[in-house]
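*Asks:* So the sequences go chain by chain: A and B. The numbering used here numbers the first residue of the first sequence as 1 and each following residue consecutively. The numbering used here numbers the first residue of the second sequence as 1 and each following residue consecutively.
Among the clues, some could well be false.
Label pairs and their calculated CB-CB ranges [as the list claims (entries may be wrong)]:
#  : chain 1 : residue 1 : chain 2 : residue 2 : range
1  : A       : GLN78     : B       : GLN140    : 35 to 41 Å
2  : A       : LYS180    : B       : ARG154    : 29 to 35 Å
3  : A       : ALA183    : B       : GLY132    : 22 to 28 Å
4  : A       : SER260    : B       : ASP205    : 31 to 37 Å
5  : A       : VAL179    : B       : ALA126    : 37 to 43 Å
6  : A       : GLU9      : B       : ARG154    : 22 to 28 Å
7  : A       : GLU22     : B       : ARG154    : 30 to 36 Å
8  : A       : ARG208    : B       : PRO155    : 43 to 49 Å
9  : A       : GLN78     : B       : ALA214    : 42 to 48 Å
10 : A       : GLN152    : B       : ALA13     : 28 to 34 Å
11 : A       : ALA126    : B       : GLY196    : 28 to 34 Å
12 : A       : GLU22     : B       : GLY132    : 33 to 39 Å
13 : A       : VAL179    : B       : GLY21     : 44 to 50 Å
14 : B       : ALA13     : A       : LEU4      : 40 to 46 Å
What the hints contain is simulated information worked out from the structure, not anything from laboratory work. Everything numeric in this text was worked out from a predicted model, so none of it was measured. Glycine included, C-beta positions come from ideal geometry on N, C-alpha and C.
There are 2 protein chains.
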Amino acid sequence: MNALQRARESAAAARARYRAGEVAPTAGQAPGLTQANLISLPREWAYDFLLFAQRNPQACPILDVTEPGSHQTVLAEQADLRTDIPLYRVWRDGQLVDEVQDASPLWAQQGDLVSFLIGCSFTFEADLLEAGIDVRHISQGCNVPMYRSNRQCRPAGRLQGEMVVSMRPIPASRVSEAVKITARYPAVHGAPVHIGEPRLLGIEDIARPDFGDAVAVHEGEIPVFWACGVTPQAVVMASRVPFAITHAPGHMFITDVPDSHYHV
Amino acid sequence: MNALQRARESAAAARARYRAGEVAPTAGQAPGLTQANLISLPREWAYDFLLFAQRNPQACPILDVTEPGSHQTVLAEQADLRTDIPLYRVWRDGQLVDEVQDASPLWAQQGDLVSFLIGCSFTFEADLLEAGIDVRHISQGCNVPMYRSNRQCRPAGRLQGEMVVSMRPIPASRVSEAVKITARYPAVHGAPVHIGEPRLLGIEDIARPDFGDAVAVHEGEIPVFWACGVTPQAVVMASRVPFAITHAPGHMFITDVPDSHYHV
Chain A
1 MNALQRARES AAAARARYRA GEVAPTAGQA PGLTQANLIS LPREWAYDFL
51 LFAQRNPQAC PILDVTEPGS HQTVLAEQAD LRTDIPLYRV WRDGQLVDEV
101 QDASPLWAQQ GDLVSFLIGC SFTFEADLLE AGIDVRHISQ GCNVPMYRSN
151 RQCRPAGRLQ GEMVVSMRPI PASRVSEAVK ITARYPAVHG APVHIGEPRL
201 LGIEDIARPD FGDAVAVHEG EIPVFWACGV TPQAVVMASR VPFAITHAPG
251 HMFITDVPDS HYHV
Chain B
1 MNALQRARES AAAARARYRA GEVAPTAGQA PGLTQANLIS LPREWAYDFL
51 LFAQRNPQAC PILDVTEPGS HQTVLAEQAD LRTDIPLYRV WRDGQLVDEV
101 QDASPLWAQQ GDLVSFLIGC SFTFEADLLE AGIDVRHISQ GCNVPMYRSN
151 RQCRPAGRLQ GEMVVSMRPI PASRVSEAVK ITARYPAVHG APVHIGEPRL
201 LGIEDIARPD FGDAVAVHEG EIPVFWACGV TPQAVVMASR VPFAITHAPG
251 HMFITDVPDS HYHV
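Construct the entire structure; sequences and hints are all you get.
*Replies:* Here you go:
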């Protein structure tokens with residue numbers, strides 16, 4: 001068995017555990033395979049969302065879109081999108097109303113959900129680590145800090161909202177390298193959207209993120225900001241979408257696709 | 001006035017000439033600015049097409065999608081999509097029925113056309129030339145040779161069809177460089193989809209392209225194939241779409257966006 005086959009076995013095993021009821025963050029599972037954000041919407045909202053993603057590709061890089069009502073994706077053909085994510089969030093009229101471990105009953109009620117699988121920065125973080133660049137939230141063992149920015153996404157139909165950004169502190173001497181490494185992954189957020197000067201992004205206090213956890217920014221480090229896959233959840237809230245299912249933060253969908261597939 | 005402003009003036013001047021009635025291929029106009037393929041479809045077909053493009057990004061890299069009925073694009077805010085392309089093709093039930101210089105009357109009849117602007121390989125050809133790699137159809141002064149391939153696109157809704165590929169002969173010693181250069185432009189078809197062995201792509205005779213013109217392949221050169229922006233026209237035909245407007249081959253939409261914007 002080669003390394004890719006072994007990684008895929010480990011991905012299938014992780015998905016089976018989540019399907020059986022395990023709830024845990026997916027970071028570090030099946031290394032080398034891409035993890036994805038999920039948002040499932042009624043068919044009637046699918047065009048607006050797909051257009052929103054096309055117009056905001058750094059925040060919403062789409063890896064796959066399912067057929068209406070289908071729980072299957074080409075990213076992992078044996079997987080079941082209703083059950084194979086450890087934890088789901090349920091949204092009604094833009095409000096978070098529930099977290100569930102099995103989304104099958106909701107899928108059955110809605111009938112025509114279209115699911116969007118969206119790139120996640122876990123993919124390029126592996127390359128940053130390999131280049132010897134510390135990824136602070138990993139070394140601190142917490143979630144990446146995320147902030148609502150003052151940058152409006154380009155609206156599409158009924159969908160609008162601000163871009164959510166994630167932040168990683170990078171030594172000034174290595175910022176350029178971090179840009180180059182992440183730029184080559186346009187399908188998973190790509191290059192930073194802003195480097196230094198958090199205030200110009202509308203961030204008043206870097207120590208108080210809107211989502212995730214604060215991390216230390218050391219002397220000589222620059223806060224570097226990437227478009228974040230939480231943006232769709234912010235858009236669901238801001239646009240008062242009547243119904244949506246998403247993954248819970250950090251509880252991603254593990255695909256069978258190697259990270260290298262998205263390297264330009 | 002800087003170089004970008006001069007290029008944009010030259011783009012605006014070219015669009016004004018086409019609007020006034022000039023019909024000519026756009027190659028070489030406003031160098032440094034991106035040119036785009038156009039396909040305009042009734043609103044009722046927009047989701048299928050946007051999904052088709054998402055599923056086949058190498059053949060259909062979307063640069064912009066307009067609001068229904070709008071003739072404006074963020075790619076060139078002063079331009080009018082109904083008139084600023086030198087020559088349009090009109091399709092009914094999958095058949096080419098007309099070529100027109102002014103599409104305004106058709107736009108008025110249809111009311112809700114959604115326009116898709118799609119990346120074009122002109123963008124990366126400039127970089128190949130700069131690297132000293134001969135682009136044969138440019139040096140021969142003809143159209144790029146294009147072939148229907150045996151590779152089926154991933155279908156979406158009512159849309160299906162085969163991938164059309166363009167071919168450029170590249171010296172064996174420079175194929176690797178041509179891959180690297182074009183891979184960094186995923187928004188304009190990106191890296192080749194096939195290198196050498198035309199028969200495995202279903203191409204029986206490289207000297208008889210399905211669209212465009214044959215070019216010489218010299219001793220020591222490898223035929224290199226890229227996904228081609230003519231694919232949407234092949235899909236319109238294969239799927240018998242009831243109505244569509246496209247640009248005529250080689251008669252592109254000149255944007256105000258610098259090529260470098262699409263460089264990863």
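*Asks:* Would you list, in rising numerical order, the hints stated earlier that this structure does not obey?
*Replies:* 1, 5, 12 and 14
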